[in-house]
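S.K.: Got chain A; can you put chain B on it based on the hints?
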Amino acid sequence: MSASPSRYKAQVRRAGLILVSPAMVMVFIISVLPLGVAIVLSFTRYDLFTAPRFTGISNYIELFSDPVFWQAAGNTVTFAVGQVGIGTVVAIAVALLFNKALAGGGIMRTLVYIPQAASYVVVALLWTMLLDPSIGPITHAVRALSGVQPYFLTDAHLAMPSIVVLSLWRNLGYFMIIILAALKAVPRELLEAAEIDGARPAERFFYITLPEIRSAVVFVVITWFLGALQMFTQSYVMTAGGPVNATKTLVYIMYEQAFAALNIGRASAIAVLLFGAVVVASLMLRLAGALSRRAA
Amino acid sequence: MANFDKTQVSRRSVLKVGAMAAVAAPFVLNAGRSLAASGDSLSIMLFGPSADVVNAFKKDLLPAFGKDTGIEVSFQQSDWGSGFQKIATAAASGTLADVVMLGGIWTAPLASKSALLPIDSYMAGWADKSNFYDSMIADGSYDGKNYALPLYADTRTALYRKDLLSAAGMGEGDLPSDWDSYRAAAQKVAASGSSAAATPVYWGQDRSIGLQQTYAQLILQAGGSYFGADGSSQFASDQGVAALDYLVSFFKDGLANVNQIYTGAGPNPLVAGASAANFGGFNTITNARANAPDAEKQIVAGTPLAAEKGGTPTTSAWINKLGISAHAKNPDGAWQLIQFLMTRDVAEKLAYLFGGLPARKDLADAKYLEGVSPGFTAASQYVVPQPPSPNMLVIAKEINTAVEKAVRMEAEPKAALSELDARIDQINGR
Numbered sequence: 001m002s003a004s005p006s007r008y009k010a011q012v013r014r015a016g017l018i019l020v021s022p023a024m025v026m027v028f029i030i031s032v033l034p035l036g037v038a039i040v041l042s043f044t045r046y047d048l049f050t051a052p053r054f055t056g057i058s059n060y061i062e063l064f065s066d067p068v069f070w071q072a073a074g075n076t077v078t079f080a081v082g083q084v085g086i087g088t089v090v091a092i093a094v095a096l097l098f099n100k101a102l103a104g105g106g107i108m109r110t111l112v113y114i115p116q117a118a119s120y121v122v123v124a125l126l127w128t129m130l131l132d133p134s135i136g137p138i139t140h141a142v143r144a145l146s147g148v149q150p151y152f153l154t155d156a157h158l159a160m161p162s163i164v165v166l167s168l169w170r171n172l173g174y175f176m177i178i179i180l181a182a183l184k185a186v187p188r189e190l191l192e193a194a195e196i197d198g199a200r201p202a203e204r205f206f207y208i209t210l211p212e213i214r215s216a217v218v219f220v221v222i223t224w225f226l227g228a229l230q231m232f233t234q235s236y237v238m239t240a241g242g243p244v245n246a247t248k249t250l251v252y253i254m255y256e257q258a259f260a261a262l263n264i265g266r267a268s269a270i271a272v273l274l275f276g277a278v279v280v281a282s283l284m285l286r287l288a289g290a291l292s293r294r295a296a
Numbered sequence: 001m002a003n004f005d006k007t008q009v010s011r012r013s014v015l016k017v018g019a020m021a022a023v024a025a026p027f028v029l030n031a032g033r034s035l036a037a038s039g040d041s042l043s044i045m046l047f048g049p050s051a052d053v054v055n056a057f058k059k060d061l062l063p064a065f066g067k068d069t070g071i072e073v074s075f076q077q078s079d080w081g082s083g084f085q086k087i088a089t090a091a092a093s094g095t096l097a098d099v100v101m102l103g104g105i106w107t108a109p110l111a112s113k114s115a116l117l118p119i120d121s122y123m124a125g126w127a128d129k130s131n132f133y134d135s136m137i138a139d140g141s142y143d144g145k146n147y148a149l150p151l152y153a154d155t156r157t158a159l160y161r162k163d164l165l166s167a168a169g170m171g172e173g174d175l176p177s178d179w180d181s182y183r184a185a186a187q188k189v190a191a192s193g194s195s196a197a198a199t200p201v202y203w204g205q206d207r208s209i210g211l212q213q214t215y216a217q218l219i220l221q222a223g224g225s226y227f228g229a230d231g232s233s234q235f236a237s238d239q240g241v242a243a244l245d246y247l248v249s250f251f252k253d254g255l256a257n258v259n260q261i262y263t264g265a266g267p268n269p270l271v272a273g274a275s276a277a278n279f280g281g282f283n284t285i286t287n288a289r290a291n292a293p294d295a296e297k298q299i300v301a302g303t304p305l306a307a308e309k310g311g312t313p314t315t316s317a318w319i320n321k322l323g324i325s326a327h328a329k330n331p332d333g334a335w336q337l338i339q340f341l342m343t344r345d346v347a348e349k350l351a352y353l354f355g356g357l358p359a360r361k362d363l364a365d366a367k368y369l370e371g372v373s374p375g376f377t378a379a380s381q382y383v384v385p386q387p388p389s390p391n392m393l394v395i396a397k398e399i400n401t402a403v404e405k406a407v408r409m410e411a412e413p414k415a416a417l418s419e420l421d422a423r424i425d426q427i428n429g430r
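Protein sequence lines, in the order shown, are assigned to chains A and B.
The opening residue of the first sequence carries number 1 in the numbering used here; numbering runs sequentially from there.
The opening residue of the second sequence carries number 1 in the numbering used here; numbering runs sequentially from there.
Only chain A is shown next, with the shape it has when bound in the complex (with noise of 0.2 angstroms):
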């Protein structure tokens, strides 16, 4: 016995729901539902031990009126613009690099890459030991060419810069890679045809190169911008948002609320906020990317 094509395709429907229903259920149950609990328990009291005590907008004032919040926020901005902005430029030059047929190429590729395959706390740590400045052959090199003693860790104005140098270098091999995908995929005969009407190699790359790759650069910047909003490890494991608070990002201080204060009310708060943010930068990056197709 066969099924009419009607049936046929709503049992095909209903297989199709029932195959994606296990995915849906785990996408809801680790992103959806905490998202909701977060929103929730930010209008609360809660330190884990006795009942969330509802307290309205507070946390969100206090929140607001306190400066080590504010200076966080700063940082936060600081480190993604710093080093998705360094990051993105210093990709595609060396995916430009690496596009070229170089003698050793692959292994160069790799030895770029390979700092994305460790983990962040392995980084760090590190990068901890190079810059320290006792022993760290990085500080003794710039102290050998320059005669200062430098602190990268520990010096206020130094620090932040410090983990945004050792984050890029941490992932500039992914972003790379991608940059370098695409840059595979550039029709040769168009550049082949600018070149022979003259065209200089920057006018190549800006007028050829750049609009062909611009998709993949902004998957490069929205991600990797989104991804550096999120920054923890790094201060976590080298300076400890410190000195004086100057690497102490969003992420530590709702770390700090949560497990320290065990305020997990004015967490949560700091969890929306920095959600809140991810969002619209999110959608600023992708109408930028938007506009700049149109225009082109």
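Treat the hints as calculated values from the structure; they're not laboratory data.
Owing to the predicted nature of the structure, the values given are computational and were not obtained by experimental measurement.
The reader is advised that the hints may include incorrect statements.
[Unchecked claim] Examples of chain B residues lying across from chain A (beta carbon under 8 angstroms, computed): (1) Gln85; (2) Thr89; (3) Ala92; (4) Ser114; (5) Ile261; (6) Thr263; (7) Glu404; (8) Lys405; (9) Arg408; (10) Glu410.
Each residue gets a CB set at the ideal place from its N, CA and C atoms; glycine is no exception.
M.R.: Then chain B, alone, in the frame of chain A:
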């Protein structure tokens, strides 16, 4: 279609098995938990134990305790870094080990949440109590009740490098006893041209709350305290400001360096000979033994300082303790285990293995302290307990940041402390 039907049947079977497993799992897991929580078993959780400590517990101490009492003890461990987070979440979910190790300032934050069991009734009949320093016993109390007993102590005192003092023309008989003589000694070291001339004093700056720990001693020496009688923060009191002014003066006058921050790896500045003086504890000896054994014999412990000449020496100690979970299924057994771990021989072994000083008065002559400067243990008599605040973990970091701002000249001491008072009062809901 026949195949499709077969697949449906097969899927149903898989779902049935999965559902049965899901239903059965809690029973199976619960059975295990019930067994573990039975009256004849206990669990203990330690933080940051070395391999030697783990071995001692697993192969020696816990089997010996089990043999004596018939109680089997399971061993849990974690790192210090995430220790409070783990203990708080475990306590909140009712899964905390029966006996738990507590960091120096954890008692009040946990006791105020009813996560720990008061042990006064047990202590009433505990004959060994008189063998412990009273101040260290008091360090485990909160709101008039005792919650924890001292396992070992990190008692701070004034430490010096004999060789570097000697290079500055000072002998062991010239060790400072008050703030002025301490400062004068630092100035002599600065003029000596030795390896410590650039930074005569290392004030304990680290990536944790080292500055707060130093300032805690200074404010006590000045006769101040963290909180007033009404519970309000009073760091900006005359004594608090005097203590911070004194500390800042070393940085202003080039006798200390804000960037000399110990990262926890390798020899600390005193052991390395980069500084000649420090408010440190016995872990300096442990650090020397691990990183620069020759430096150990150069380290001498003086008496804790007094603010004025002829004043009372005062110091503080960071005392790691053992407490009982409020959810312990077998609190009597948990108390038996703590008593066992506090006995003289075991306490000596543990203080040695953890690299601290004994909390027992009758262990001042412990074998592992032979050859060590007697000032380390002598300082224990001058210990003032930590203020038992439920928000101490947060407050300690706030103090550290305020002191850091002052020594980095980002704020005047009085202004930094006034701002600190406001923040602490806000944290305490005042």
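S.K.: Take the shortest C-beta to C-beta distance between B:Gln85 and chain A; is it under 8 angstroms?
M.R.: holds (4 angstroms)
S.K.: Restraint: B:Glu410 near chain A, CB-CB cut 8 angstroms. Satisfied or not?
M.R.: Nearest chain A Cβ about 6 angstroms off; hint holds.
S.K.: Once the shortest beta carbon distance from B:Ala92 to chain A is found, is it less than 8 angstroms?
M.R.: Check passed: Cβ of B:Ala92 comes within 4 angstroms of chain A, closer than 8 angstroms.
S.K.: Should the interface hint for B:Ser114 be scored as holding, given a Cβ-Cβ cut-off of 8 angstroms against chain A?
M.R.: B:Ser114 check passes; min Cβ-Cβ to chain A is 7 angstroms, inside 8 angstroms.
S.K.: Quick one, is the B:Arg408 hint okay against chain A at 8 angstroms, beta carbons?
M.R.: This interface hint holds because 6 angstroms falls under the 8 angstroms limit.
S.K.: Verify the interface restraint on B:Lys405: the C-beta must sit less than 8 angstroms from at least one C-beta of chain A.
M.R.: OK, holds: B:Lys405 within 8 angstroms of chain A, min 5 angstroms.
S.K.: Given B:Ile261 as an interface hint, is the shortest Cβ-Cβ distance to chain A below 8 angstroms?
M.R.: holds (4 angstroms)
S.K.: Please check whether B:Thr89 passes as an interface residue: C-beta within 8 angstroms of a C-beta belonging to chain A.
M.R.: OK, holds: B:Thr89 within 8 angstroms of chain A, min 7 angstroms.
S.K.: Classify the hint on B:Thr263 as holds or violated, based on whether any CB of chain A lies nearer than 8 angstroms to its CB.
M.R.: This interface hint holds because 6 angstroms falls under the 8 angstroms limit.
S.K.: Is the hint on B:Glu404 kept, meaning its closest Cβ partner in chain A is under 8 angstroms away?
M.R.: holds (5 angstroms)
In this structure, none of the earlier numbered hints is contradicted; all agree with it.
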